[in-house]
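Undergrad: Okay, here's what each chain looks like letter by letter:
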Amino acid sequence: MGDTRWLAILRASVAACFAVLVLTGVTLMTAYAPSPQSAWASVHYLQYVLPGGWLVRGAHWWAAQALVLLSASHVAIGALAGAYRKPRQFSWWLSLLVLALSIGEGITGGLLPWDQHGWWARVVEGNIVGLAPVLGSWLQQMMAGGTELGALGLARAHVMHVVLLPAALGAALWARRSLERKGVGGATNTSSSRFGALEREVVAAAGIVIAVSALAWASRGAPLDAPADPTSEYPARPEWFLLTLFALREFFHGAGEFWGTSLIPGAAAAYLALLPWIDAPRPNRPNRVLLVAPVVAIFAGAALLGVFAWRKDAHDKQFIKQHAKAEARAAAAIQLAMVGVPPAGPLEMMRRDPELRGHDLFEQHCAPCHVLDGLGDPKKATATKLDGWGTPAWIAEMIHDPDAPQFFGRGPYKGEMPSVDVRPKDRPASKPWKPMVKDEADKKALAEFLASQGDEPGDPARALEDATRATAERIVQERCSTCHLYKGQGDDEGSGLAPELSRYGSLAWTRAQIANPATAETYREGALDESRKKHMPRFDSDLSAADIDLVARWTRAHARAIPVR
Amino acid sequence: MPDDPKTSRRGALKTIATVGGVVGCGALGVPAARLLLAPADIGAGAGRWTRALRLDALHEGEPKRVSLIADRRDAWTLEKAVELGAVWLVRGGETVRAWSVTCPHLGCAVQQSGTAPGFTCPCHDSSFDPEGRRLSGPSPRDLDSLSTRVETGVVLVEYRRFRQGIPDRVSVG
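Here the protein sequences line up with chains A and B, keeping their order. By the numbering used here, the letter at position 310 of the first sequence is numbered 310, and the numbering carries on one by one without gaps. By the numbering used here, the letter at position 17 of the second sequence is numbered 1017, and the numbering carries on one by one without gaps.
Hints may contain errors.
To be verified - Over 12 angstroms on every C-beta distance to chain B, these chain A residues come out as not near it, computed from the model:
#  : residue
1  : V124
2  : G150
3  : A211
4  : P223
5  : Q318
6  : E327
7  : L347
8  : E348
9  : K414
10 : S541
Said to hold, decoys possible - Mimicking BS3-like on lysine-lysine, the simulated pairs with C-alpha atoms at most 27 angstroms apart in a straight line are:
#  : chain 1 : residue 1 : chain 2 : residue 2
11 : A       : K414      : A       : K434
12 : B       : K1064     : A       : K533
13 : A       : K380      : A       : K434
14 : B       : K1014     : A       : K321
15 : B       : K1064     : A       : K385
16 : B       : K1064     : A       : K325
17 : A       : K534      : B       : K1080
18 : A       : K379      : B       : K1064
Said to hold, decoys possible - Stretch-level coverage of chain B by chain A, calculated; a stretch enters the list once three of its residues show a Cβ under 8 angstroms from a Cβ in chain A:
#  : region
19 : 1026-1035
20 : 1131-1144
If you are wondering where the hints come from, they were derived from the structure by calculation, not from laboratory data. The beta-carbon is built from N, C-alpha and C at its ideal position, and this holds for glycine as well.
Same shape as in the complex, but just chain B:
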């Protein structure tokens, strides 16, 4: 036991400060870090089967942009029956093919090309043929096709989103 009261007081203060600091970092710092890092943990979700529209509203071979209506969760907000995303639908007889409107390059929405049939991105001019295959521009892959099925005359689409800017299709929910 140290004789000098000053030294022992300083030692005690040091200990208390250290303990307080460690506990503070552990008890508050770790939860705070977890809070800040939480968004990074949100991983790929499953695709969602969403009702698009009636099959007879699609003309054969003619692309149509359709918004998919579903519930949408964003942090604390749950919106009922709002536009989740949009797809390009093309009818071929009794089946329908669907592509996400999201450009695989950097995420703008592709639109129908003004001149030739097919799609073009308004941001960096990636262009795609009517089958969604990339023709020119910076897009690293073809348009992302989505699964569809037709049930009692209604087109359903399995809506998904993918990572942008990479050659592979990686689902992000």
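So here's chain A without its partners, still in its complex pose:
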């Protein structure tokens, strides 16, 4: 029987997958730490730091995919070959159980890295379980370990994945093997080519081991997404073997959703389980083609729906964009973790990173008024545009035309700062007027000098000649300090509006300005005067000192187009 030969080969392959999974799984357990704070970090350590970790993890991952695929193939071919017929019905049911347990291992294992992909897939799956009548929400909470998927949910998935399901899977495989040996499972031992059959099985098993190792090698391990972040935006998608159920959801909405998305797969599973009776030898047995048609429909339908879901995403522009964003975040997190993850976990690691956290903070708190690096709406911005802020070019433009829309033109400081080289429109022609800088060279020197005020150790070196420095400093002290402070000194004795120019644009200046603009370090008391509506607010009540530091670093670095440190 050619069909049973294939079934024997598949059974041997499934057993080989299981063996690979047990061996690699136990090895992985020597480095894996299941808690929301440590799971991702330990998987990252396995994948990127421990020698050989990536290969063991990759082999585990590929063997897991192969286990689902091969178990499903075994069921499909078995159904077509009639391998469910008495006296082989017990072996057949065990095969169905093996497929179910393989999928269960895939679902529980997917959560263990505690990354975005696994976490969000599991949240959605948990909510689907919660839709079930009567016990649904109870079961959902039991799986999640509470009302939200958290530490206990991870511990539960872990114990399912490494103890309960493997024990059941091992027992099912062993029982199936015993049935085959006794001759009620398969027909192989009645065949004259007994030795040939065994040879085939060994070759198949060895082939699986080689294939899984090669795939692990070629893919450099297994995928790892960004750490699970419950408050993030993430386009969740299930594992490939659940894409069919995902696609099915497309057709059932509202009250019919649970029934449509549970009854159809449930009916398919029931049909397969009942095949030994449906196709029992009896006088009025239906035509075999009729019996096999649903089996073909189940497997072809499942494959088609999966491909349908996959293709839909591949052509969805918004999904592609969200997916790319998620991938960029994963790459950033993986890079950050190379130097180690703090004990509070990878989310804390990301919260402490000036690049990631600074971006998020700027977007939430600064971008409503400012524009920088694509954040903020230039049409709605009422505060200075920060791209280039603190660079000579930006300052030169600013001191030439302070009321341009990208500077003070749309804010409460409009009309307060005079241009250094343009005669004020409202100044009567009879009154004498002298520009603050005598020529372009002086203006350039002034801009260079002011830009250098914000330099920090480690910034790109700035070639500023002593003569230039002296000229510019004299202009600042003679002309600018009429309104501005410079090193705490100014003609208005501290009551004015114009900010301190020494260390302007430095990290300390930026931090001080964000925390509270109304101090002598930056804009002084007048900055928060009620008469200046829409002035920059103080953030020291909204943000922690640490967050102010992070957003200051991010802003300063992105304004100057230098790396964030």
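Chain A is fixed; fit chain B onto it per the hints.
TA: Relative to chain A, chain B alone:
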């Protein structure tokens, strides 16, 4: 009293095994079951008033996604001042309306639609208008609105989570 010592020995062993079994089941099995079933008992918690951001950081009528910072308890872990959840805030004059970002369908976070104003879920394509009313897709109800108030220029939101996938709003804490 039985005469056969073998029978009486067997009887005694039976009794001891039974007593041991019953006591074992009671003394260990019940606590073990309670331990395993504990997560199911976690019920609805009260909403938590959480500081969101300053009112003037919101532009009139323009939805903004804001993370709510509060202490977060997960089994044995207490994290101080971390992101508890996120909301979409829309300002209307001096008041603010808030919707949980959690899609009422299966719990993904809804995002601003790419084309029309409003919100879309990236998981199963439920879409909502700018008022949070459902337009299309599998969501069984509108986006979950949350109570807000403005105090001395600061927006506060009463953060709650709800059961997913059902037409009614059932708070789960």
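Undergrad: For each hint, tell me whether it holds in the structure or not.
TA: Quick rundown of the hints versus the structure:
1. Not every beta carbon of chain B lies more than 12 angstroms from that of V124(A), the smallest distance being close to 5 angstroms; the non-interface claim is violated.
2. A beta-carbon of chain B comes within 12 angstroms of the beta-carbon of G150(A); the shortest separation is about 4 angstroms.
3. In this structure A211(A) is separated from chain B by more than 12 angstroms, as the shortest Cβ-Cβ distance comes to about 33 angstroms.
4. With a minimum CB-CB distance of about 19 angstroms to chain B, P223(A) clears the 12 angstroms threshold, and the non-interface call stands.
5. With a cut of 12 angstroms on Cβ distances, Q318(A) falls inside the contact zone with chain B, its closest approach being about 5 angstroms.
6. Once the 12 angstroms rule is applied to beta carbons, E327(A) is consistent with being away from chain B; the minimum gap is 14 angstroms.
7. The claim that L347(A) lies off the interface is violated: its Cβ sits roughly 8 angstroms from the closest Cβ of chain B, which falls inside the 12 angstroms cut-off.
8. Some Cβ of chain B comes within 12 angstroms of the Cβ of E348(A); the nearest lies about 8 angstroms off, and the non-interface call is violated.
9. Distance check on K414(A): its Cβ is at least 18 angstroms (rounded) from any Cβ of chain B, clearing the 12 angstroms threshold; non-interface status holds.
10. The claim that S541(A) lies off the interface is violated: its Cβ sits roughly 8 angstroms from the closest Cβ of chain B, which falls inside the 12 angstroms cut-off.
11. Distance restraint check for K414(A) and K434(A): the Cα-Cα separation of roughly 21 angstroms lies within the 27 angstroms cut-off, and the hinted pair is therefore satisfied.
12. For a cut-off of 27 angstroms, the pair hint linking K1064(B) to K533(A) stands: about 22 angstroms separates their Cα positions.
13. About 35 angstroms separates the Cα atoms of K380(A) and K434(A), which puts this hinted pair outside 27 angstroms; it is violated.
14. Using a Cα cut-off of 27 angstroms, the hinted pair K1014(B) and K321(A) is violated, with the two alpha carbons roughly 69 angstroms apart.
15. The hinted pair formed by K1064(B) and K385(A) meets the criterion: a straight-line CA distance of about 21 angstroms does not exceed 27 angstroms.
16. With a CA separation close to 19 angstroms, the supplied pair K1064(B) and K325(A) stays within the 27 angstroms bound.
17. A threshold of 27 angstroms between alpha carbons decides the hint, and for K534(A) with K1080(B) the separation of about 32 angstroms lies outside it, so the pair is violated.
18. Straight-line distance between C-alpha atoms of K379(A) and K1064(B) comes to about 17 angstroms, which keeps the hinted pair within the 27 angstroms bound.
19. Restraint check on the region 1026-1035 of chain B versus chain A: 0 residues with Cβ-Cβ distances below 8 angstroms, three needed, restraint violated.
20. With 3 residues having a beta carbon nearer than 8 angstroms to a beta carbon of chain A, the region 1131-1144 of chain B meets the requirement of three or more and the stated coverage holds.
Checked against the numbered hints above, the structure violates hints 1, 2, 5, 7, 8, 10, 13, 14, 17, 19; every other hint is satisfied.
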